[in-house]
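There are 2 protein chains.
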Amino acid sequence: MFAIAPPVSQQVRLQVRRGEHLAPTANLAPGYVQANLAILPETLAADFLLFCLRNPRACPLIGVADVGSPYIKTLGQDLDLRSDLPRYRVWRDGELHEEPSDIHHLWRDDLVSFAIGCSFSFEEALLADGIDIRHISSGCNVPMYRSNIQTSPAGPFSGPMVVSMRPMKAADAIRAIQITSRFPGVHGAPVHLGDARQIGINNLDSPDYGDPVELRTGEIPVFWACGVTPQAVIAASRPAFCITHAPGHMLVTDILSAHQSVF
Amino acid sequence: MFAIAPPVSQQVRLQVRRGEHLAPTANLAPGYVQANLAILPETLAADFLLFCLRNPRACPLIGVADVGSPYIKTLGQDLDLRSDLPRYRVWRDGELHEEPSDIHHLWRDDLVSFAIGCSFSFEEALLADGIDIRHISSGCNVPMYRSNIQTSPAGPFSGPMVVSMRPMKAADAIRAIQITSRFPGVHGAPVHLGDARQIGINNLDSPDYGDPVELRTGEIPVFWACGVTPQAVIAASRPAFCITHAPGHMLVTDILSAHQSVF
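Residue numbers (my numbering), protein chains in the order written: chain A, 9 to 271; chain B, 9 to 271.
Bear in mind the hints are in silico, worked out from the structure with no lab data behind them. From the three backbone atoms N, C-alpha and C, an ideal C-beta is built for every residue, glycine too. Be aware that a few hints might be false.
[Said to hold, decoys possible] The calculated SDA-like cross-link candidates involving lysine to any residue, where the alpha carbons are at most 25 Å apart (straight line), are: (1) LYS177(A) to ARG190(B); (2) LYS177(B) to ARG65(A); (3) LYS177(B) to SER214(B); (4) LYS177(B) to GLY147(B); (5) LYS81(A) to VAL20(A); (6) LYS177(B) to GLY208(A); (7) LYS177(A) to ASP203(B); (8) LYS177(A) to LEU223(B); (9) LYS177(A) to ALA204(B); (10) LYS177(A) to ARG154(B); (11) LYS177(B) to ASN156(A); (12) LYS81(B) to ARG97(B); (13) LYS81(A) to VAL270(A).
[Unchecked claim] Calculated Cβ distances over 12 Å to all of chain B for the following chain A residues: (14) VAL16; (15) GLY39; (16) ASP101; (17) GLY102; (18) SER109; (19) ARG116; (20) LEU135; (21) ILE141; (22) ALA162; (23) ASN211.
[Claimed, not checked] Chain A stretches covered by chain B per the calculated footprint, using a threshold of three residues with CB under 8 Å from any CB of chain B: (24) 176–182; (25) 186–200.
Make the full structure from the sequences, and use the hints.
See below:
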């Protein structure tokens with residue numbers, strides 16, 4: 009399904025594994041897909057898998073490990089989910105417990121790991137098209153909001169879709185829709201544009217996650233389903249135990265972003 | 009380049025040719041591409057061809073006849089441009105001179121005929137996707153406006169792009185961008201959406217051509233380049249002689265609309 013390309017991405021993972029890189033992964037290994045990570049006990053795995061399949065815009069699965077396995081070889085032959093992210097978040101009963109840079113000591117035979125596409129890949133394609141991505145040119149995080157768009161529930165997993173917002177001129181928004189439609193594995197086309205109140209967002213200056221960005225005269229806000237959705241949904245279900253990536257500290261895979269494009 | 013399919017479209021043309029159908033062609037031969045027609049003297053043909061090539065959104069060429077020929081066999085084996093449109097407009101020195109239903113008596117050996125894609129094809133695809141096309145559900149003509157978007161001039165041909173407008177909810181607008189992107193031969197993706205003043209349109213209730221349609225709460229206007237553009241540009245250049253289709257009275261071709269889709 010995915011072409012495996014050689015090493016910039018692998019070099020990054022090795023650095024991270026040796027503890028030489030603890031910072032966010034933005035701009036590392038450009039051209040390679042980065043992924044959100046969710047690790048759950050087997051008892052919750054089937055429901056979470058169903059949740060992802062029912063909500064492909066917010067939770068585009070790009071890899072699932074076998075039960076108990078810390079490997080997803082389709083994303084990288086040598087990849088080790090216990091050490092290859094710069095920072096993790098460990099949740100107990102829905103509360104953030106610790107933020108380690110390695111989770112070997114927490115590994116269990118019943119854990120199932122999910123890699124979920126993130127928007128870095130399509131942002132590269134937008135930048136390559138000459139479109140300004142405001143949070144990148146402003147050097148901050150993308151603004152994210154809890155919308156009133158409901159996800160399709162599965163077992164204990166339910167809740168609103170979290171959306172990311174990028175302000176654009178209309179002509180750029182039209183191009184961005186064309187471009188991101190080609191990347192269904194990394195959220196795909198926008199879910200909304202224009203009036204934010206139509207999806208339950210009353211104040212663009214106060215994002216629920218990330219940083220506010222400037223909406224300039226003549227620009228409209230364009231909203232994409234966001235990979236924070238599964239994390240918010242998991243937290244709301246208050247599982248006894250789970251592990252996710254820390255925000256911005258993603259799994260760097262060997263998949264070329266260009267190979268995620270469907271045409 | 010185009011697959012030639014059999015006859016509903018041919019039957020329509022034969023009816024028109026025999027003078028049995030003098031009305032607009034909307035809803036005739038659904039599934040088949042209909043075209044705008046422009047017939048110019050050879051002295052203007054090269055410049056007009058260049059104008060079309062420089063403005064593919066507004067003037068998507070789907071066929072050009074040889075000099076003096078009333079046939080474009082790629083659009084229909086038996087097709088005769090002198091008789092197969094229900095109504096024509098004859099222009100002299102830029103003024104509308106007559107509106108005949110046959111132009112055999114006006115034919116000249118120096119005439120060059122251009123068939124230009126029209127939005128009927130992509131509207132069928134939008135309707136098939138469940139999107140409401142307001143002017144169709146309201147039973148009127150699509151509203152069209154002279155925008156402040158300038159065309160790229162060629163020889164005597166220049167002027168503003170005429171755009172058609174369809175009001176939609178944001179989610180439908182996103183789908184419509186995806187769908188119409190697949191039809192570059194019939195205007196393709198929108199050229200603008202949202203604030204009409206950004207493209208020089210101050211009052212949506214007063215279109216320059218066609219009829220006004222209702223913009224409902226929560227809807228945004230979506231604008232496509234319109235096939236009226238070449239007609240407006242030709243009129244503004246005031247050629248000594250030219251012939252076009254009468255509005256709504258299109259050339260019905262044997263090309264399946266589905267075959268105009270690029271993926």
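Status of each hint after checking the structure:
Pair hint LYS177(A) plus ARG190(B) holds up; C-alpha atoms about 22 Å apart against a cutoff of 25 Å. For the hint linking LYS177(B) to ARG65(A), the alpha-carbon distance of about 19 Å falls within 25 Å, and the restraint holds. For the suggested pair LYS177(B) and SER214(B), the alpha carbons sit about 21 Å apart, so the restraint of at most 25 Å is met. Restraint check for LYS177(B) and GLY147(B): satisfied, since their Cα atoms lie roughly 20 Å apart, inside the 25 Å limit.
Note on LYS81(A) and VAL20(A): the hinted pairing holds, with a Cα-Cα distance of about 16 Å set against a maximum of 25 Å. About 15 Å separates the Cα atoms of LYS177(B) and GLY208(A), which keeps this hinted pair within 25 Å; it holds. In summary, the hint linking LYS177(A) to ASP203(B) is supported, as the alpha carbons are separated by about 10 Å, within the 25 Å threshold. Restraint check: the Cα-Cα separation between LYS177(A) and LEU223(B) comes to about 21 Å, which is no more than 25 Å; the hinted pair holds.
The suggested pairing of LYS177(A) with ALA204(B) holds, with an alpha-carbon distance near 13 Å, which does not exceed 25 Å. Proposed proximity of LYS177(A) and ARG154(B) is supported: the alpha carbons are some 20 Å apart, at most 25 Å. For the suggested pair LYS177(B) and ASN156(A), the alpha carbons sit about 16 Å apart, so the restraint of at most 25 Å is met. A threshold of 25 Å between alpha carbons decides the hint, and for LYS81(B) with ARG97(B) the separation of about 23 Å falls inside it, so the pair holds.
Taking the CA atoms of LYS81(A) and VAL270(A), the gap is about 22 Å. The hint holds against a cut of 25 Å. Annotated as non-interface, VAL16(A) keeps its C-beta farther than 12 Å from every C-beta of chain B; the closest such distance is 31 Å. With a closest Cβ-Cβ approach of about 24 Å to chain B, GLY39(A) is found to remain outside the 12 Å limit, as its non-interface label requires. In this structure ASP101(A) is separated from chain B by more than 12 Å, as the shortest Cβ-Cβ distance comes to about 37 Å.
For GLY102(A), the shortest C-beta to C-beta distance to chain B comes to about 32 Å, beyond the 12 Å cut-off, and the non-interface label holds. Every CB of chain B lies more than 12 Å from the CB of SER109(A), the least distance being 39 Å, so the non-interface label holds. The beta carbon of ARG116(A) sits about 42 Å from the closest Cβ of chain B, which is more than 12 Å, so the claim that it is off the interface holds. The claim that LEU135(A) lies off the interface holds: its Cβ sits roughly 20 Å from the closest Cβ of chain B, which is beyond the 12 Å cut-off.
Listed as a non-interface residue, ILE141(A) keeps its Cβ farther than 12 Å from every Cβ of chain B; the least gap is roughly 18 Å. Against the 12 Å criterion, ALA162(A) stays outside the reach of chain B, whose nearest CB is about 23 Å from its own CB. Every beta carbon of chain B lies more than 12 Å from that of ASN211(A), the smallest distance being close to 19 Å; the non-interface claim holds. Restraint check on the stretch 176–182 of chain A versus chain B: 4 residues with Cβ-Cβ distances below 8 Å, three needed, restraint holds.
Three residues within the 8 Å Cβ limit are the bar, and the stretch 186–200 of chain A against chain B gives 6, so the coverage statement holds.
Violated hints for the displayed structure: none, as all numbered hints are satisfied.
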